[in-house]
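Protein chains in written order, with the numbering used here: chain A, 1 to 146; chain B, 1 to 146; chain C, 1 to 146.
Just so you know, not all the hints are guaranteed correct.
Straight-line alpha carbon distances no greater than 27 Å define the calculated BS3-like cross-link-like pairs of lysine-lysine that follow [as the list claims (entries may be wrong)]:
no. : chain 1 : residue 1 : chain 2 : residue 2
1   : C       : Lys35     : A       : Lys64
2   : C       : Lys6      : B       : Lys35
3   : B       : Lys6      : A       : Lys116
Read the hints as simulated data drawn from the structure, not as lab findings.
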Amino acid sequence: MPIIHKIIEVETSEGISIFNITPQIDEFLQDTGIKNGQVLVFSRHTTTALAINENEERLLEDVKVYLRKLAPETDKYLHNDLHLRVVPEDEPMNAHSHLMSMTLSTSEVVPIVEGKLALGTWQSVLFFDLDGPRKRTVFLQISGEY
Amino acid sequence: MPIIHKIIEVETSEGISIFNITPQIDEFLQDTGIKNGQVLVFSRHTTTALAINENEERLLEDVKVYLRKLAPETDKYLHNDLHLRVVPEDEPMNAHSHLMSMTLSTSEVVPIVEGKLALGTWQSVLFFDLDGPRKRTVFLQISGEY
Amino acid sequence: MPIIHKIIEVETSEGISIFNITPQIDEFLQDTGIKNGQVLVFSRHTTTALAINENEERLLEDVKVYLRKLAPETDKYLHNDLHLRVVPEDEPMNAHSHLMSMTLSTSEVVPIVEGKLALGTWQSVLFFDLDGPRKRTVFLQISGEY
């Protein structure tokens, strides 16, 4: 069974930014020619995450508000006491971003049927940077049969 | 390696309703005859979700209260300003349901060992409709060896 | 395609305790000799969970505070009315632990590339006991090619 991977790059924006990466996943799927199988989507940073949901711009703003309510940046966090940790000079104070990441997903597996992602009508694969701006990567792995 | 899928249907109730779909997954597993492998369970709507936990009726009520506390239906959400979006006439105001969905899971992978789901003693695969009542579907994909 | 599993054991501490199980996963991977594929990590209890994030001790304390804020142990939960349920004598009052578990993950899939876990630089696979102390198990399944 072929198992093929690809790393995609995303340049993100300040604070929380959300990207619909379904087109890149779909393009990779077409390149592989796999007809029946799975795509593993894997977020490779501790302050990024995934969700599979509706790519509607106003909803994406609601999600940002929601995440900031759950894990406010201005709360006291032990991880942000940088003087008590051994860290590089440019270490960000981003405990809230880690907490948001753990609330969302790191790995998602999407089925492939007849050469297409078997997503529901309104579903997109969304990539979240929770501590931007940065250059980020997402790992894709497709396995299945031709 | 065989990769076999099945779509199951669930008729849901008003608001949040939760269904133990383990029996349907198990029945599908027995039909395939796979002895060693995985079941991918995939929620196909943006206001449904999955969790693997205890199917205890009082706990399921607690989960509903918990989700409503995290994402109250009565909060202001941009996604609910239907007059600012291009939507069908019967579009629901369901931003809270999307947020609940992203807090739970869209894809879960359950191992298969000796022809059985390798769930822990108290674990069931739970399907959540967060914006019912509707007819919903869940995608199952089994891969492995006989 | 080989599909090989292993169950690892973790002895946990009072309340919430968090363990970096990446070394055990990596050791299992080396034992299998798989070069290209996936590890499925599966939490087998309804009050344990997984997250893939940074194994930094102060952050792990922040996560505990965060989970206790989302689902306080002292809130009223129907699941904790033990006199209304048929339960063993030593049944714990742990509704909050179930809610925390559903907020985190039960299944995570980590890609394997060139014989190594394709985790990002700061990522570790973290196992949470949310209702310790207990003897717990985590299920690992590796599939792929040599």
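A quick look at each hint next to the structure:
The hinted pair formed by C:Lys35 and A:Lys64 fails the criterion: a straight-line CA distance of about 38 Å is larger than 27 Å. Restraint check for C:Lys6 and B:Lys35: satisfied, since their Cα atoms lie roughly 16 Å apart, inside the 27 Å limit. Between the alpha carbons of B:Lys6 and A:Lys116 the distance comes to roughly 16 Å, so the proposed pair stays at or under 27 Å and holds.
Violated hint for the displayed structure: number 1, the only one.
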